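K.L.:
Respectively, the protein sequence lines represent chains A and B.
Residue numbers are given in numbering that gives the first Met the number 0: position 121 of the first sequence equals residue 120, and the series is strictly consecutive.
Residue numbers are given in numbering that gives the first Met the number 0: position 121 of the second sequence equals residue 120, and the series is strictly consecutive.
For the record, the hints were derived by calculation from the structure and aren't laboratory data.
Treat the hints with care, since some could be wrong.
[Stated by the list, open to error] Pair by pair, the computed Cβ-Cβ distance ranges are:
1) A:Asp160 x B:Thr447: 40 to 48 angstroms
2) A:Glu120 x B:Thr447: 40 to 48 angstroms
3) B:Glu24 x A:Glu120: 48 to 56 angstroms
Nothing here was measured: the structure is a model prediction, and the numbers come from that model.
Using N, Cα and C, we set each Cβ at its ideal position, and we do this for glycine too.
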Amino acid sequence: MLKFTNKGIYCVPGKFYIDPWKPVDYAVITHGHADHARWGMKHYLCHHFTVPILKSRIAETIDVRGIGYNETITKNGVKISLHPAGHIIGSAQIRLEHKGKVVVISGDYKVQDDGLSTPIEIVKCHEFITESTFGLPIYNWKSILQINAELQQWVLKNQSDGKTSVLVGYSLGKAQRIMKALEGIGTLHVHYSIGKLNEAYEKAGVQLPEYNVVDFREDVKYLDKGIVIVPPALVDSNVLRKIPNKADAICSGWMQVRGARRWRSADAGFAISDHADWNGLLDTIKATEAEKVYVTHGQTAVFAKYLNEIGIYAEELKTEFGEEEDIETLTS
Amino acid sequence: MRTFANLINALDSTNKTNQKLAAIERFLNEASESDKLWFLSLFSGKRPKRSVNTQLMKQWAIEQANIPEWLFRECYASVGDLSETISLILPEAETQIDHDLSEWMDLIISLKDKSDEEKKIFVLNAWQNLPYLERFIFNKLIGGSFRVGVSSKSLINAISRYYQLEPNEVSHAIMGEWKRDEVSFEKLVKGEYADTQLSKPYPFCLAYALEKEADDLGNLEDWQIEYKWDGIRGQFIKREGEVFIWSRGQELVTDQFPEIKKALLEFEGDFVLDGEILAVKNNQILNFSELQKRLNRKNISKKMLEEIPIAVFAYDLMEWKKIDIRQQPMTERRRILEDFLAKQPNAHFKISEIIKVLDWNALIEKRSQARTINSEGLMLKHKSSIYHTGRKKGDWWKWKIDPMTIDAVLIYAQKGSGRRSGYYTDYTFAVKDGDKLVTIAKAYSGLTDKEIQEVSRFVNKNAIEKFGPVRTVKPELVFEIAFEGIGFSSRHKSGVALRFPRIVRWRRDKTVQEIDDIEEIKKMIN
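Just chain A, same shape as in the assembly:
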């Protein structure tokens, strides 16, 4: 049913693409991150919650249709339905059914319930397309409760040392999780790129803690001893240097490894990720009962090899997903 082309994953009978990286006629989008939702498609189909994100990221004028989870539409005889992927708000696994065969394209997903995105739903299928960003057994996340407690302790310690806590996390998904983790500890100041995406959360009816949008063109001395959340792109910029007495923490799954923490030379690193960890990937794949698994972006070769060794037929799939993560390194 699927063909893997240089434009992206193509559904042959349905005549549409899933998360294509080149302009096409009809694109079904798993979620709003830039490596999955690109510009230039004539028509977009995604979850309701993803609609405002696409409009804000690509253009207000795009032709986009939003549907709910578990709602089915039919295109050229292929049944399309979206199912929660637990990655970020509106993130969906895309289930395609044609002549009794079911294929699921997971996009990015995580198993932990972050309290902001709809928790992942396991969809049984014949073929499953999985990511493998953290597909090595060294990646095992702490529970959300535990990692949030660590994050809070770090901020409280900074407060008592008279320091400004600067937390670095991707503006869509991660930033909102950090906000939620630090709710009630102090005023949350966010970069405008995060503020913009917070609006998308609010439109979807998600209650976020109160926050203040920082205008870094102005004097930001008032941030002293406060809490500031910024996207990774700002890490090496002059903007951050304006913040007084700062201690910075990078929030990313890559921070699991000491070398990665030291490479960024931040004051702290927290392994908080919106991707599934090693066991999360394995448990999900097993639960889908898929006969064939395609492994995309991340540890593709290693992860596919391991799946084959434990008796799950798997193939590597070359895509252009995860490129954003290569560029910023820290967006996961």
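Assemble chain B onto chain A, guided by the hints.
P.N.:
Just chain B now, kept in the frame of chain A:
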């Protein structure tokens, strides 16, 4: 171990010197006497021998994590550190055991005489009951190689600030041999055991590389100029009939150089001398690769002693007749040194020749010919300079010959370790061999973090083979490689070996067609 774990965590998570110093001071405040001594031992390179074999540890970790060995290797390639890889793949700790650092070290040392089975029970128990960071530290403690986020210099600075001492006194006080169960930490760092120890070396005086023009140094007459030799810098001590040879890395290497030891015993009087061990045959200084054959061997064969004879080129004298003369000017120390070696001539000790020229231009000429006698360049020492502790700008300069360079193409890449794990930082380069490519050198440093990220992306996209830690990449990126020396080598496929190869710059302007050819490169060998 929590106090120690907190220290490691603090040292690890900042690159600001002040915060590191503060963390060490906090540790000195909180830790027990025995933990402090262990800390000093571990960080100044005085570690017990490894008591559990790494292969076994790896095997046990693979068993515990229930993964295939190849997957462990992949993890290791990503993490870049064995202790850390093990601590990450193991299942989460169940309960917690809390021993302090010295208790752990005693337990680890006592493993030495135990059977593998007993060792395994001990290690698995620790793994099951330590949280991630402490598990990592435990693995490091077993390994005996502990290098975490702090240089010995900042360690000494922190200790001296804490006890309000001079850093050079502290570094002198903790050098040499001391036994943990015979000293008190405070007395040790305050130098109370220093006098009784005959072996104690002085910190080496080091030179900065000369970056300005030589004639900016002013009057040529003010400088003592010598050749810079490429050998093993050492400190040669004779006190009360006992002799010691220390390497620059603060290791006692006396027994590696039996003929030098014998020569030291033949001298009369007490002294501490700074010099370079070189392979010298028929008055010619041999290439470093010859000397290298003799290093780190348990036994030096008679044949080797004959084939690679060595001698010390004496640079300086720090102690003479039991008196520390480091504060005397260079010329005075030199006068005593010359007098000493003239009165007691010894075939294994030669004085480092002073180069006399009329003007700076003549010196430039001398420098340019240094390579023909296997010298690395020149040393410029101010005649009034004292023998400094460590590196001090202004008095001593090393003026190395410009390196040779070639253009080569990247063909293999491997992920780095430590701070650079996760990125491809270790590169193998090739040059042309007719219409084929042949590997010429491996190089690690010389690129900025940004460039390393860019190369890593290229490797990710252009990897031809993917399994294992090494990636074969499309030959496309051209780099300029500099090196200090070149010689024929039967061990390398290309037939040549480069000394100290490193990346000078990324030649984005060049294509793979424009790289150098091996036959041309061979012509560089003199």
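K.L.:
Decide, hint by hint, whether the structure agrees.
P.N.:
For each hint, the structure was consulted:
Hint check: A:Asp160 to B:Thr447, Cβ distance near 32 angstroms, so the stated range 40 to 48 angstroms is violated. Checked against the hint of 40 to 48 angstroms, the pair A:Glu120 and B:Thr447 passes, with Cβ atoms roughly 45 angstroms apart. B:Glu24 and A:Glu120 have their C-beta atoms about 53 angstroms apart, which keeps the hinted 48 to 56 angstroms range intact.
Checked against the numbered hints given earlier, the structure breaks only hint 1 and satisfies all the rest.
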